[in-house]
Structures are given as structure tokens and as C-alpha cells.
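**Q** Below are the chains, spelled out letter by letter.
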Amino acid sequence: MAEFETQISPQVQNTLSELENERKAIVDEKYKGWGAIIFSGVVIFLMGALGVIIAGLLLGLCGIGYGIYVLYAISEKEKSYKDRYKRDVIGATLVAIDANLTFDHYKGILESEFRYSQLFSTTPDRYSTEDLIIGKLDKTGFYFAEVHAEYKTETQTKNGRQVSWHDILKGIIFVADFNKHFNGITIVRPKSMSASISAWFSKNVFSFGNKSVVQLENDTFNKDFVVYSSDQIEARYILTPALMERITDLNKRSAYHVSLSFIASRMYIAFPLDHNYFEPPMFKTLLNPNLLSNDINILNFMCDIVRELDLNTRIWTKQ
Amino acid sequence: MIIGAIILIAILIIGVGMYNSLIGKKNQVTNAFSAIDVMLKKRFDLIPNLVETVKQYMQYEGDTLTKITELRGKAMGTGVSEVEKLAIDQQIGSAVKGLMVSVENYPDLKANSNFINLQSTWTESEEQIAAARRNYNATVTTYNNAVMMFPGSIFAGMLNYYPMEVLASTEEERKNLSARELFNS
Numbered sequence: 001m002a003e004f005e006t007q008i009s010p011q012v013q014n015t016l017s018e019l020e021n022e023r024k025a026i027v028d029e030k031y032k033g034w035g036a037i038i039f040s041g042v043v044i045f046l047m048g049a050l051g052v053i054i055a056g057l058l059l060g061l062c063g064i065g066y067g068i069y070v071l072y073a074i075s076e077k078e079k080s081y082k083d084r085y086k087r088d089v090i091g092a093t094l095v096a097i098d099a100n101l102t103f104d105h106y107k108g109i110l111e112s113e114f115r116y117s118q119l120f121s122t123t124p125d126r127y128s129t130e131d132l133i134i135g136k137l138d139k140t141g142f143y144f145a146e147v148h149a150e151y152k153t154e155t156q157t158k159n160g161r162q163v164s165w166h167d168i169l170k171g172i173i174f175v176a177d178f179n180k181h182f183n184g185i186t187i188v189r190p191k192s193m194s195a196s197i198s199a200w201f202s203k204n205v206f207s208f209g210n211k212s213v214v215q216l217e218n219d220t221f222n223k224d225f226v227v228y229s230s231d232q233i234e235a236r237y238i239l240t241p242a243l244m245e246r247i248t249d250l251n252k253r254s255a256y257h258v259s260l261s262f263i264a265s266r267m268y269i270a271f272p273l274d275h276n277y278f279e280p281p282m283f284k285t286l287l288n289p290n291l292l293s294n295d296i297n298i299l300n301f302m303c304d305i306v307r308e309l310d311l312n313t314r315i316w317t318k319q
Numbered sequence: 001m002i003i004g005a006i007i008l009i010a011i012l013i014i015g016v017g018m019y020n021s022l023i024g025k026k027n028q029v030t031n032a033f034s035a036i037d038v039m040l041k042k043r044f045d046l047i048p049n050l051v052e053t054v055k056q057y058m059q060y061e062g063d064t065l066t067k068i069t070e071l072r073g074k075a076m077g078t079g080v081s082e083v084e085k086l087a088i089d090q091q092i093g094s095a096v097k098g099l100m101v102s103v104e105n106y107p108d109l110k111a112n113s114n115f116i117n118l119q120s121t122w123t124e125s126e127e128q129i130a131a132a133r134r135n136y137n138a139t140v141t142t143y144n145n146a147v148m149m150f151p152g153s154i155f156a157g158m159l160n161y162y163p164m165e166v167l168a169s170t171e172e173e174r175k176n177l178s179a180r181e182l183f184n185s
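Here the protein sequences line up with chains A and B, keeping their order.
Using the numbering used here, the letters of the first sequence correspond one by one to residues 1 to 319.
Using the numbering used here, the letters of the second sequence correspond one by one to residues 1 to 185.
FYI, nobody ran anything at the bench for these hints, they're computed from the structure.
Please note that the accuracy of each hint is not assured.
Label-pair ranges, simulated between beta-carbon atoms [claimed, not checked]: (1) A/S121 - B/V166: 57 to 63 angstroms; (2) B/M158 - A/S254: 35 to 41 angstroms; (3) A/S230 - B/M149: 26 to 32 angstroms; (4) A/K152 - B/E82: 52 to 58 angstroms; (5) A/N300 - B/I116: 29 to 35 angstroms; (6) A/N294 - B/K67: 41 to 47 angstroms; (7) B/M149 - A/K152: 43 to 49 angstroms.
All values derive from a computational prediction rather than experimental measurement.
All residues carry an ideal CB built from backbone N, CA and C; glycine is no exception.
Just chain A, same shape as in the assembly (with noise of 0.2 angstroms):
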């Protein structure tokens, strides 16, 4: 399969214009609405200095209470116009490209979904997806999604409780269709101090939950990994030599290290990421002729996982 281009089609390049008139409209009236905000609160400092106490208050509060109106109402049309965008750029685009693609914005992975998938040993207080991408390419079915799963620690300080809230995973999972029939899970996590000492009790001393650690042969892979499965032989069946080096290589092609895991004939893919792809820029202008270079990209890179890990090769009794 080829590489998707980032040509713009002539019919989203007419939305593009017409979202840009749009785009403008709603970057003037921001400035509107913090412009008064701002000004309100200038006028409140300088009359307050100048004794005007009361004057400058009222003054300043109908400031806020306007440029709160303004963003406020702005705030619609903003929404909408990042719908349209979605729908009529990046949806029109992605089936311009290959009819087999869908996108639908307001999907995404759900979270039992990213909790079934066990590919974080951490469960999440907050979670949203959003930008749901569903493909086959050749004999392979895919989805991918955006995904920002959190959890939160509570300390006590002296001004009461603060809460803090970490990021689990900020990125990607990507889930295909795995080629090979298998009944047990296998988990791939990267390699940090944590998992290695447990990795490392679970080998000498006991096994945590149902699955153990399995020891590779590759030790570029055993580097950069550690694997916990059900079953040893089929952790070994699916990880073959072969996929331990793509998978190695498709680690060093991404910006930060990736998690799988191997759960009811799917594979999935968390790709920790920096960028929040398929989104309208607000600042800059639409008319740009790379506009969606990056979401192409990403798109191009998530296709390419198919073809990197030989999902396509179905030689086995799994078609």
C-alpha cells in the first residue's frame, strides 16, 4: 500500500476557505473578550489607585462581566467550528484517501476497553478519548484513538488536601487484528527501575496475579522490554524472533517507549505522545498548504504497524 500524501482535495480546500473566514471571526471576538477582560482589570487597578474604589469597581466588573459574555458566546461557534473541521476536513480527507477508513471524532477507545487491554498495570480516575480511526488494510483490521487516561494522589498539606493528577498515557492505542489465533495474555512493557524489580521478584520469588515473566532470547528486546504472560509457550508462539526485532525497531521509530499487549486474537499498541492530533489551529491559518501534514503522518505511521509487523501474512489457520 502506498504512503497517503498529504494532498488536500479541491472540495476541502473550499471548506478550508470557508472555515478560515470562520476561524478569524472567532479569533476576533477572543481578543474581544480577553481584550475587555484585561482592560477591565487595568481600569479597577488604576482607579483603585487613584481612591476611586467603588467607581473603578463597577467600572471593571461590567468590564469582566462583558468580555465573560463575549467568550462565552463565542464559545458555540468554536465548537462547531472544530466539528465541521473534523468532519469535513479531516473525515473528508481520510476517506479521499481510502475509502476503507472512518473517522468519527466522538469515539474513540473506551475505557473498559483500555483497562481490558492490561496495558497499564495502573487503573485511571480520569479518563477521555476522542478521534476514533477505523481501517483494514488488506486482511487486517485495525482502530486506533486518542487517548489521555490519568490518576490521581491525594497529600495533605497544611492548607488541606491537594490533589495532583499524572498522566498514564497521553497518546495513541493503536489495536489490530492479530494474525494468529491465541487463548492466554501476553503483556509487553517497557523496561523502567519498577518493572524490573518485580520482574525480577516474579522470577525468583513468586508470580504476581496469574501471569509471569517471560524470558526472551533477544537481548535488544529483553533491554528495551519486559514480558509477563499466561502462558509461556504462547507468549513465545506470538513472540517470534522475527516479531521481537520489529517490534524493537517500531520502538525506536516512536517518540517514547511503547506498551503491548496480546489479548483475544488483538494486538494493542500504546504509543505515549507529545502531540493532539486531528485538532483545528485556532492562531494560525487554515490556507496553509501542509495543514495536515502531521495528521497524515500519524496516520501514515499507524498504517505502517500492519505492514511493519507482518499482519498481513496469514499463513497460519487464523485468516
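Dock chain B against the given chain A, drawing on the hints supplied.
**A** Chain B only, in chain A's frame:
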């Protein structure tokens, strides 16, 4: 006195732990070998069906088919050690591989759905055996480390446990083939 007793109890607990762990590792090796045996049986069970299907189409491969059937009979016979069984399996593997190459000359057979299914199951069993062998080797390595390293070596001596040999890697394992290459070979 109390400290001495505590030290003695601690040594006893550690000793019992190590002793049990060593026996556990030895049992794991036995289990791993049994797993290979199960996979081999699964593969040998495919042969009659494979031979029957192929025989109808391949007029000129009679010798190979007879050889495969004989090898299967030998492997399934009584008094065959596990190591011998593995060696026979390798011979069967090579013979079937040769047969799969000859299939190119029989387009009707190549298109036969029963044969296609058997071919996939055969490839699957090949990878499952490879996985079971790799598992066995990993288990033996863990056991050998426990037997040869101090203080495990003391208990190993008491139990008459000796290091075991790992299975030599097969051609496929050495070449680290991709699945597609395996299929096309």
C-alpha cells in the same frame, strides 16, 4: 542464645526455600519437555490426513509420502526416546517442506481447500513446536543457573542434580525467518 536460634531458623527457612525452588525448576524442565511432546503429537496427527489429501493429486511423489508415513510410524512407536522423537520430527519437517515445494507442480492440489487448511495447520504446528522448544531451552537455562551457581550448587550436589543440555536450535530458529519467508520456502 536467642540470636543463634533466629539465625538457625533463618538459615533453615532459606535452605528449605532453595531446596524447593530447585525441585520446582527441575519439574518445570520436565513440564516443558512434555509440552514439546504434546505439540509433536499434534503435528504427527496431521500426517495421515496430509498424506491422504496429497496422494490423490501427486502421482510422482510416492516415495516421499511413504517416507513421511514410515517416519511417523517410527516416531509414534513404543520405546522411542524424546530426543529421538525430536530428531525424527526434524526429518519429517524436511520431507514435508520438500513436498510443499513440489506442490507448485500440482495446481489443482494447490487450490484444494482441504490442502490449504492442512498447510496452514502444519505451519502453525511448526511455530508452536519452535515456541515449545524455546520455552524448554529457557527453562533449562534457569535450572542450569540454579544448579551451577552458589549456593544452589550445594543443594544440587545433595540431590544429584546436574546441568542439562539445551536443544540445538533448528534451521528456522537460527535463520530467524520472517513468517512470509517460512511460507515461501
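**Q** Determine for every hint whether it applies to the structure shown.
**A** To see whether the hints hold, each was checked on the structure:
1. A/S121 - B/V166: 57 to 63 angstroms: Distance hint for A/S121, B/V166 is violated at roughly 32 angstroms.
2. B/M158 - A/S254: 35 to 41 angstroms: Given a distance of about 50 angstroms, which is not inside 35 to 41 angstroms, the answer is violated.
3. A/S230 - B/M149: 26 to 32 angstroms: holds, 28 angstroms
4. A/K152 - B/E82: 52 to 58 angstroms: holds, 54 angstroms
5. A/N300 - B/I116: 29 to 35 angstroms: holds, 33 angstroms
6. A/N294 - B/K67: 41 to 47 angstroms: This hint is violated: roughly 59 angstroms between Cβ atoms.
7. B/M149 - A/K152: 43 to 49 angstroms: holds, 44 angstroms
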